[in-house]
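**Q** Just so you know, the sequences run in chain order P and H.
When the count follows the working numbering, it moves up by one through the first sequence with no breaks and lands on 414 for the last residue.
When the count follows the working numbering, it moves up by one through the second sequence with no breaks and lands on 414 for the last residue.
Any given hint could turn out to be false.
In silico lysine-lysine, DSSO-like type, Cα no more than 30 Å apart, as pairs [said to hold, decoys possible]:
| # | chain 1 | residue 1 | chain 2 | residue 2 |
| --- | --- | --- | --- | --- |
| 1 | H | K235 | H | K207 |
| 2 | P | K311 | H | K252 |
| 3 | P | K252 | H | K75 |
| 4 | H | K103 | P | K289 |
| 5 | H | K235 | P | K289 |
| 6 | P | K235 | P | K203 |
| 7 | H | K229 | H | K289 |
| 8 | P | K289 | H | K118 |
To give a feel for the contact side, a few chain H residues facing chain P, derived at Cβ under 8 Å [said to hold, decoys possible]:
| # | residue |
| --- | --- |
| 9 | L129 |
| 10 | P130 |
| 11 | K133 |
| 12 | G300 |
Across the chosen pairs, the derived CB separations fall in these ranges [what the hints assert, rightly or not]:
| # | chain 1 | residue 1 | chain 2 | residue 2 | range |
| --- | --- | --- | --- | --- | --- |
| 13 | H | K207 | P | P73 | 17 to 23 Å |
| 14 | P | R108 | H | R171 | 46 to 52 Å |
| 15 | H | R169 | P | V112 | 48 to 54 Å |
| 16 | P | I377 | H | R169 | 39 to 45 Å |
| 17 | H | G190 | P | E163 | 25 to 31 Å |
| 18 | H | A197 | P | D60 | 44 to 50 Å |
| 19 | P | P168 | H | Q110 | 53 to 59 Å |
| 20 | P | E163 | H | R145 | 26 to 32 Å |
| 21 | H | D20 | P | Q111 | 25 to 31 Å |
| 22 | P | P73 | H | T255 | 52 to 58 Å |
| 23 | P | S216 | H | R169 | 26 to 32 Å |
| 24 | H | I266 | P | V112 | 26 to 32 Å |
| 25 | P | K88 | H | R145 | 44 to 50 Å |
| 26 | P | G109 | H | S216 | 21 to 27 Å |
Source of the hints: derived by calculation from the structure; they are not laboratory data.
The beta carbon of each residue, even a glycine, is placed where N, CA and C say it ideally should be.
Protein chains: 2
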Amino acid sequence: MIKCALVTIGDELLYGNIDDTNATWLSQELIEIGVIVSARINVGDGLSDIQWALEVALDKAEVVILTGGLGPTKDDKTREAIAGFCKRPLVRDEGLANLLEKHFSPRGQQVVALNEKLSWVCEGSEILPNSKGTAVGTWVDHARGAIISLPGVPYEMKIIMEEEVLPRIRSRYDVEPLFVQWIMTAGQGESSLSVALESIEKSMPKGVDLAYLPSLQGVRLRLTSSNKLKQESKKIARSIEECLGHLVFAKENTTLSYVVHNILIEHRVKLALAESCTGGNILATLVKHPGSSQYLLGGHVVYSNEWKHKEIDVKKDLIDSFGAVSEEVARSMAEGSKANSGADMALAVTGIAGPDGGSPKKPVGTVHIALCHNEITYHKKFRLHTDRQVNIALTTTLALNMIRLALQGSLEA
Amino acid sequence: MIKCALVTIGDELLYGNIDDTNATWLSQELIEIGVIVSARINVGDGLSDIQWALEVALDKAEVVILTGGLGPTKDDKTREAIAGFCKRPLVRDEGLANLLEKHFSPRGQQVVALNEKLSWVCEGSEILPNSKGTAVGTWVDHARGAIISLPGVPYEMKIIMEEEVLPRIRSRYDVEPLFVQWIMTAGQGESSLSVALESIEKSMPKGVDLAYLPSLQGVRLRLTSSNKLKQESKKIARSIEECLGHLVFAKENTTLSYVVHNILIEHRVKLALAESCTGGNILATLVKHPGSSQYLLGGHVVYSNEWKHKEIDVKKDLIDSFGAVSEEVARSMAEGSKANSGADMALAVTGIAGPDGGSPKKPVGTVHIALCHNEITYHKKFRLHTDRQVNIALTTTLALNMIRLALQGSLEA
Chain P
2 MIKCALVTIG
12 DELLYGNIDD
22 TNATWLSQEL
32 IEIGVIVSAR
42 INVGDGLSDI
52 QWALEVALDK
62 AEVVILTGGL
72 GPTKDDKTRE
82 AIAGFCKRPL
92 VRDEGLANLL
102 EKHFSPRGQQ
112 VVALNEKLSW
122 VCEGSEILPN
132 SKGTAVGTWV
142 DHARGAIISL
152 PGVPYEMKII
162 MEEEVLPRIR
172 SRYDVEPLFV
182 QWIMTAGQGE
192 SSLSVALESI
202 EKSMPKGVDL
212 AYLPSLQGVR
222 LRLTSSNKLK
232 QESKKIARSI
242 EECLGHLVFA
252 KENTTLSYVV
262 HNILIEHRVK
272 LALAESCTGG
282 NILATLVKHP
292 GSSQYLLGGH
302 VVYSNEWKHK
312 EIDVKKDLID
322 SFGAVSEEVA
332 RSMAEGSKAN
342 SGADMALAVT
352 GIAGPDGGSP
362 KKPVGTVHIA
372 LCHNEITYHK
382 KFRLHTDRQV
392 NIALTTTLAL
402 NMIRLALQGS
412 LEA
Chain H
2 MIKCALVTIG
12 DELLYGNIDD
22 TNATWLSQEL
32 IEIGVIVSAR
42 INVGDGLSDI
52 QWALEVALDK
62 AEVVILTGGL
72 GPTKDDKTRE
82 AIAGFCKRPL
92 VRDEGLANLL
102 EKHFSPRGQQ
112 VVALNEKLSW
122 VCEGSEILPN
132 SKGTAVGTWV
142 DHARGAIISL
152 PGVPYEMKII
162 MEEEVLPRIR
172 SRYDVEPLFV
182 QWIMTAGQGE
192 SSLSVALESI
202 EKSMPKGVDL
212 AYLPSLQGVR
222 LRLTSSNKLK
232 QESKKIARSI
242 EECLGHLVFA
252 KENTTLSYVV
262 HNILIEHRVK
272 LALAESCTGG
282 NILATLVKHP
292 GSSQYLLGGH
302 VVYSNEWKHK
312 EIDVKKDLID
322 SFGAVSEEVA
332 RSMAEGSKAN
342 SGADMALAVT
352 GIAGPDGGSP
362 KKPVGTVHIA
372 LCHNEITYHK
382 KFRLHTDRQV
392 NIALTTTLAL
402 NMIRLALQGS
412 LEA
């Protein structure tokens, strides 16, 4: 497989003013056609920085794609850097000069003069036209590899990449797309999964790679191989899925909330929610998906004990006897929410998100989730984290996962 | 000024699965204490890739910060890479081992064994504790520079950076912080602000820089200069604040939701919310802050018309006559929410988040926000975006901003 390195140029990146979304997009496009991105390098606008980046990038790759530094101002030094690196002169491209003259002359001779710089390219450059603007890219073949330079403005970079660069890479190199399989899981952390998968991983042939991508929304597993190992890799994916069972919520790169959203639509279930410690986050996570009105009746954020009683009929003596964060109150919240709303399913959450409010018996991170469906109320208790935002995010994931398991018939009471 | 290079490790970056937001955040933090980020390098999980990145990063900087590759699985090779690069052995840190034993033993001996790897560090490492979790960082002094290694999980990386790394860099190097002033705004976009500030920007002396950092939570303005230009820069900040008036919600780098949270506590206001198109997102945004129970009674997510009627007394004929997305219904929602809950202030939102549900008269992005306080109901109508998630985020920002303006006495009825 051929390797590509990305060099994104701009002080605004090094200052942290913007995320480097160009690098993300380029990586996705390249991997899909079977090009491995072996390194990505951000440097500032300086000439020597860009030349340094070219130098090290060509250590790691036979194709280097640079973005940025192609504008008309004196800050823009990518042209000079490429010519200097290749030890070739900058030359005026007459075709480009005519194009720019045509474009800028209506704005006056001063503008034409300012943009004169845009007609100059490293000798031996192939021009990569831009069907949506005047900023073009260039392709220079150097003894150490191909040096491709693109504008930094995302929509200009993308159109040249799609129309000019990707077709050239496909035709000039022997590229073969990677075979990628996704296994999305929720309900266990990275280390538990890796214990469970230990023997499968040990028996994996060289060339098949399993990556764990953990987040507060679950752990995504990505299995990659060459196309030659496709059948082998498919078998491994099946073993992993079998081994992890109900922990697997999807076999494509998606999110738990989107999967739950679709299961709810598919099962024609009307849902109501009663949230305490998550404060509306479970509701908000579902509502992000278009079409959530098909199943979501609504929800109560019952932050105070008064509201728990008034809105969803939690008996005051239940709260007095067991505390607001208890199995009994969680069950009562779910049942009250279902009864009041006429929903088919109601889910309720109560817990101590932190950082305060914990006690030795009920430390921060104690969470009760109850789910009422088909006359059964399920309940689970969790001991999560000490961080408030982590607890809210994890509780949301666990709650959505309970909805999924209930509708797939694998939730135990 | 000292130079720092960032090395972010992870195949998921090179595959374009996620944006490298760690690098963005680290850049911002470092520049503020007066450290220049001279290069950022992403590489994959491989041992030789990480060592290569260390090698080239030390070309460009005297401090290298690595993130990622510190987990317990065999993908995680940062420890080995640092030890290999420094030509030192990995050694077991007993303090760390005890900490991990304590943390993982409730989950069984297999989990303890799996995480054994986490106790091993490059010989001569200084441990950088993690006050929010078990993943620690390390600081290794090498002849060519300092090598700092942090976990890749953002909240763990950030806490170690703030509590351990930044103080050490400040005390060990001769850094002179840039003079940074923040002006946080909400209610107008980047281009409107830049038109308003045009004449101030033109008269700014060389060496004072104004950056616009737009997001769905408002536009942050960052004014930077050397300490020599401090007085000059302060004057400019005052002119900007004066020019932008009520658009400015803070003069430090904070969030609108945190400012609103504090204003609500300060004013001892009891708040109730009624959300339709935002589906609980305004509630969830406030509840993320510890102490929200001091003012938040609770909220209704009234997604269906039935719930708008049943839960907060919106008259059915109002919905029939004006539609659920209307000024009349928004006002009724806010008034019903306040009356039912006994809150001092109630805010209600109804709108068409999209992508479907729009009409020529009420296109996608139409949003009504009503706020009821001191017997007055305020109302604002907005025409936002075509994207659902953008609309939910922008509506949340605008709603929080209305609460702020109401409590600061600058909201017009």
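**Q** All the hints need checking, so say for each whether the structure fits it.
**A** Evaluated hints:
{"no.": "1", "hint": "K235(H) x K207(H)", "verdict": "holds, 15 Å"}
{"no.": "2", "hint": "K311(P) x K252(H)", "verdict": "violated, 41 Å"}
{"no.": "3", "hint": "K252(P) x K75(H)", "verdict": "holds, 23 Å"}
{"no.": "4", "hint": "K103(H) x K289(P)", "verdict": "violated, 39 Å"}
{"no.": "5", "hint": "K235(H) x K289(P)", "verdict": "violated, 41 Å"}
{"no.": "6", "hint": "K235(P) x K203(P)", "verdict": "holds, 16 Å"}
{"no.": "7", "hint": "K229(H) x K289(H)", "verdict": "violated, 39 Å"}
{"no.": "8", "hint": "K289(P) x K118(H)", "verdict": "violated, 39 Å"}
{"no.": "9", "hint": "L129", "verdict": "violated, 18 Å"}
{"no.": "10", "hint": "P130", "verdict": "violated, 14 Å"}
{"no.": "11", "hint": "K133", "verdict": "holds, 5 Å"}
{"no.": "12", "hint": "G300", "verdict": "holds, 4 Å"}
{"no.": "13", "hint": "K207(H) x P73(P): 17 to 23 Å", "verdict": "holds, 21 Å"}
{"no.": "14", "hint": "R108(P) x R171(H): 46 to 52 Å", "verdict": "holds, 49 Å"}
{"no.": "15", "hint": "R169(H) x V112(P): 48 to 54 Å", "verdict": "holds, 51 Å"}
{"no.": "16", "hint": "I377(P) x R169(H): 39 to 45 Å", "verdict": "violated, 55 Å"}
{"no.": "17", "hint": "G190(H) x E163(P): 25 to 31 Å", "verdict": "holds, 29 Å"}
{"no.": "18", "hint": "A197(H) x D60(P): 44 to 50 Å", "verdict": "holds, 48 Å"}
{"no.": "19", "hint": "P168(P) x Q110(H): 53 to 59 Å", "verdict": "holds, 56 Å"}
{"no.": "20", "hint": "E163(P) x R145(H): 26 to 32 Å", "verdict": "violated, 41 Å"}
{"no.": "21", "hint": "D20(H) x Q111(P): 25 to 31 Å", "verdict": "violated, 39 Å"}
{"no.": "22", "hint": "P73(P) x T255(H): 52 to 58 Å", "verdict": "violated, 38 Å"}
{"no.": "23", "hint": "S216(P) x R169(H): 26 to 32 Å", "verdict": "holds, 29 Å"}
{"no.": "24", "hint": "I266(H) x V112(P): 26 to 32 Å", "verdict": "violated, 55 Å"}
{"no.": "25", "hint": "K88(P) x R145(H): 44 to 50 Å", "verdict": "violated, 29 Å"}
{"no.": "26", "hint": "G109(P) x S216(H): 21 to 27 Å", "verdict": "violated, 37 Å"}
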